[in-house]
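Asker: The chain contents come next:
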Amino acid sequence: MNAVEIKDLYKSYENGKIKALNGIDLTIKEGEFVSIIGPSGSGKSTLLNMLGALDSPDSGVIKVAGKDLTSDKKLNQFRAEKIGFIFQLHNLIPNVSARENIEIPMYTQKISSSDMKERALKLLEDVGLPDKADILPNKLSGGERQRVAIARALANSPSIILADEPTGSLDSKTSSKILKQLIDLHEDKNVTLIIVTHDMNVAKLSDKVIEVLDGEIISPYENNSLINNKINV
Amino acid sequence: MSFLKFIIKNPFRRKTSATLAIVGIAIGIIVIVALGGITDGLINTFEDTIHAGGADFSISGKETGDSAYGTNTIDASWTDKIANVTGVDEAYPIYVVLTSVGDKYMKSLIGVEPKGITLADISIKEGRIFKDNANELVIGDIYAEDNDYKIGDTIEVDGEDFEVVGIIETGDQSMASGVFTSISKVGELMDDEDSISNIYVKVDKGADAQEVADRIDEKYGDDLKTITSIMEMEQMAKMLNMLQGSTWAISLLAIFVGGLGIINTMLMSVFERTREIGVLKAVGWSNTKILTMIVGESLVITIISAIIGSIIGYLACILLGPQIGISPLFTPKIFIQAFIIAIIVGVIGGLYPAIKAIKLPPTEALRYE
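Sequences listed follow chains B and G, in order.
Heads up: the first sequence at position 203 corresponds to 203 in this note's numbering, and the numbers run straight through without jumps.
Heads up: the second sequence at position 346 corresponds to 346 in this note's numbering, and the numbers run straight through without jumps.
One chain only, chain B, in its complex shape (with noise of 0.2 Å):
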């Protein structure tokens, strides 16, 4: 079953003016663990915010875990049960601590406070962080921080992950630490990882690339072979 299907979408910005996205078409797979590349400005962003809900397109098809974004309300509720957030930076709330962090996607869910705590010190647990739990997040690593990101994007068990540059703000040692933790969960939890980032060695490792440029599709790569070749070029 396709996680993604998306049929000639377009998105335009200032009247029109600005071509976001121009004619997108694209299925991923469920499972699959998909880099959307390309130059700023690209496109990239905005198509993985069109995946998330988080913007409407002028025109065209998007289908993410079987709903259908252009015609179907609650669009929240959407996200909140199929869609994980992870942002370039961290974006954690930063008078709560790490585990209350994770519980915060949780609201939306009829779960009780027991609950919660028990799921976030489980996911707290599955990045590294079991010790971290009651540490405001200006106490943590850059690392440790994004970790407790991941840990908050899994927070209500989605279908989907998308990940904007989740690494673009970390040294090298961190961002592969980082990436290697992300696409383990991946693995384990059996979850659609979609990851928009400038590094080539991040895009070598997914299954699927997706080079967009001036709002289009340019090659979507199938595999490592061809990604390795376009790296080397």
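Mixed in with the good hints there might be a few duds.
Claimed, not checked - 20 Å max Cα-Cα, derived DMTMM-like pairs, lysine to aspartate or glutamate:
1) B:Lys122 to B:Glu144
2) B:Lys204 to B:Glu32
3) B:Lys29 to B:Glu81
4) B:Lys19 to B:Glu32
5) B:Lys63 to B:Glu32
6) B:Lys63 to B:Glu144
7) B:Lys63 to B:Glu81
8) G:Lys359 to B:Glu14
9) B:Lys19 to G:Glu364
10) B:Lys117 to B:Asp68
11) G:Lys202 to G:Glu272
12) G:Lys131 to G:Asp191
13) G:Lys5 to B:Glu118
14) G:Lys289 to B:Glu81
15) B:Lys139 to G:Glu364
16) B:Lys17 to G:Glu364
17) G:Lys356 to G:Glu272
18) G:Lys107 to G:Asp153
19) G:Lys202 to G:Asp192
20) G:Lys5 to B:Glu32
21) G:Lys205 to G:Asp89
22) G:Lys9 to B:Asp134
23) G:Lys115 to G:Asp204
24) G:Lys5 to B:Asp134
As the list claims (entries may be wrong) - The calculated label-pair distances, taken between Cβ atoms and stated as ranges, are:
25) G:Leu267 to B:Asp68: 33 to 39 Å
26) B:Asn138 to G:Asn264: 41 to 47 Å
27) B:Tyr13 to G:Ala249: 50 to 56 Å
28) G:Ile303 to B:Asp68: 33 to 39 Å
29) B:Pro39 to G:Ser2: 31 to 37 Å
What the hints contain is simulated information worked out from the structure, not anything from laboratory work.
Since the structure is predicted, the reported quantities are computational estimates derived from the model, not experimental observations.
By construction, the Cβ of each residue, glycine as well, lies at the ideal position given by its N, Cα and C atoms.
Place chain G on chain B using the hints.
Answerer: For chain G alone, coordinates are given in the frame of chain B:
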């Protein structure tokens, strides 16, 4: 962590701003509580005065001046006639005479039926009520304190020795400075047992005092007048309306200023947390949830303000009121009113910033630096 706990934690991220907002609204609440207590205290004092010790109005002779303790007399038989007027529950006579009391050459001696003093809104602080026709006095607590009298002391009244058997306590200043004995004793002292000064009237429960007074005026207007109470009632009603009106005007001003303060605080808070609101939208929070959070945070500030303001307003009135001669009266209504106002200010103050927050497109909020 519960959603409620999250809401309670949030306003204190910016401690200075939250504290300033709390101080601003608490000042408004202090004004509301203090003015409410003072106004109710004044109303209570006026009512004590107008009701002349528990009565709804008083009746005096046609020629008597407007004073509640007219020194001209009417025939004692009027008491029974008044008692029979429709709507009158109780009518009891008072005989006020000017005579030598203690070291005062001229002081009012108030003759009351023992039952009359019980009917009045007076409580015995010490001792007991005088017996009928005995040389016994009951004195007001202010009079006792000023002259250092206590139970068992003897006071010379019109050349006769009287024993102080009771000290009364009342909110009415004139009663608290009074000297009381039985009406029959006053009659005996004056050698005039058929005269009285006033008749105090208590109307039936649920009856309109004004209507009953009108009825008495209509029936016995040639000989008696209820003008004392009626005039006072009208004047008091006007005065009380003005007092209550002023309290409300000041309260509204406090609400307005407090409301602006909280809107400003919450707008700043939403502005500073734009990206965070974007994250909350991204993780699936509904607009209703975001609105509940922001209005809830605003309510946390205003409810804390209401608690602090109520305590300070109450203590300030209790401590400072007596120094300026005011006995504030605090009823639950004042505090309920203060809390309702705080809640209204909280909701209104939080609503506008909350609407601004939910209108923010998530992609724009997430891009906010």
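Asker: Each of the hints needs a verdict: does it hold here or not?
Answerer: Going through the hints against the structure:
A threshold of 20 Å between alpha carbons decides the hint, and for Lys122 of chain B with Glu144 of chain B the separation of about 16 Å falls inside it, so the pair holds. The straight-line distance between the Cα atoms of Lys204 of chain B and Glu32 of chain B is roughly 14 Å, inside the 20 Å bound, and the hint therefore holds. Among the hinted pairs, Lys29 of chain B with Glu81 of chain B is consistent with the structure: their alpha-carbon atoms are about 18 Å apart, no more than 20 Å. In summary, the hint linking Lys19 of chain B to Glu32 of chain B is not supported, as the alpha carbons are separated by about 28 Å, beyond the 20 Å threshold.
The straight-line distance between the Cα atoms of Lys63 of chain B and Glu32 of chain B is roughly 16 Å, inside the 20 Å bound, and the hint therefore holds. Annotation: proposed proximity of Lys63 of chain B to Glu144 of chain B is violated, straight-line Cα distance about 33 Å (limit 20 Å). Annotation: proposed proximity of Lys63 of chain B to Glu81 of chain B holds, straight-line Cα distance about 15 Å (limit 20 Å). The suggested pairing of Lys359 of chain G with Glu14 of chain B holds, with an alpha-carbon distance near 19 Å, which does not exceed 20 Å.
Between Lys19 of chain B and Glu364 of chain G, the direct Cα distance comes to roughly 17 Å. Compliance with the 20 Å bound is thereby established for this hinted pair. For the proposed pair Lys117 of chain B and Asp68 of chain B, the alpha carbon gap of about 33 Å is over 20 Å, so the pair is violated. A distance of roughly 65 Å separates the Cα atoms of Lys202 of chain G and Glu272 of chain G; the hinted pair therefore is violated under the 20 Å criterion. Between Lys131 of chain G and Asp191 of chain G the alpha-carbon distance is near 19 Å, which keeps this suggested pair within the 20 Å criterion.
In summary, the hint linking Lys5 of chain G to Glu118 of chain B is supported, as the alpha carbons are separated by about 17 Å, within the 20 Å threshold. A C-alpha spacing of about 16 Å is found between Lys289 of chain G and Glu81 of chain B, which places the hinted pair at or below 20 Å, so the restraint holds. Taking the CA atoms of Lys139 of chain B and Glu364 of chain G, the gap is about 28 Å. The hint is violated against a cut of 20 Å. For the proposed pair Lys17 of chain B and Glu364 of chain G, the alpha carbon gap of about 18 Å is at most 20 Å, so the pair holds.
At roughly 13 Å between alpha-carbon atoms, Lys356 of chain G and Glu272 of chain G fall within 20 Å of each other, so this suggested pair holds. With a CA separation close to 18 Å, the supplied pair Lys107 of chain G and Asp153 of chain G stays within the 20 Å bound. A threshold of 20 Å between alpha carbons decides the hint, and for Lys202 of chain G with Asp192 of chain G the separation of about 26 Å lies outside it, so the pair is violated. With a C-alpha separation of about 38 Å, the suggested pair Lys5 of chain G and Glu32 of chain B falls outside the 20 Å cut-off, and the hint is violated.
Note on Lys205 of chain G and Asp89 of chain G: the hinted pairing holds, with a Cα-Cα distance of about 8 Å set against a maximum of 20 Å. A C-alpha spacing of about 15 Å is found between Lys9 of chain G and Asp134 of chain B, which places the hinted pair at or below 20 Å, so the restraint holds. For the suggested pair Lys115 of chain G and Asp204 of chain G, the alpha carbons sit about 17 Å apart, so the restraint of at most 20 Å is met. Between Lys5 of chain G and Asp134 of chain B, the direct Cα distance comes to roughly 15 Å. Compliance with the 20 Å bound is thereby established for this hinted pair.
Here the CB-CB span from Leu267 of chain G to Asp68 of chain B is close to 37 Å, well matched to the stated 33 to 39 Å. Between Asn138 of chain B and Asn264 of chain G the CB atoms are about 27 Å apart, so this pair departs from the stated range of 41 to 47 Å. One distance hint, 50 to 56 Å for the beta-carbon pair Tyr13 of chain B and Ala249 of chain G, holds here, with the actual separation near 51 Å. At roughly 44 Å, the beta-carbon separation of Ile303 of chain G and Asp68 of chain B lies outside the given 33 to 39 Å, and the hint is violated.
Distance hint check for Pro39 of chain B and Ser2 of chain G: the Cβ-Cβ separation is about 45 Å, which falls outside the suggested range of 31 to 37 Å.
Checked against the numbered hints listed earlier, the structure breaks hints 4, 6, 10, 11, 15, 19, 20, 26, 28 and 29; every other hint is satisfied.
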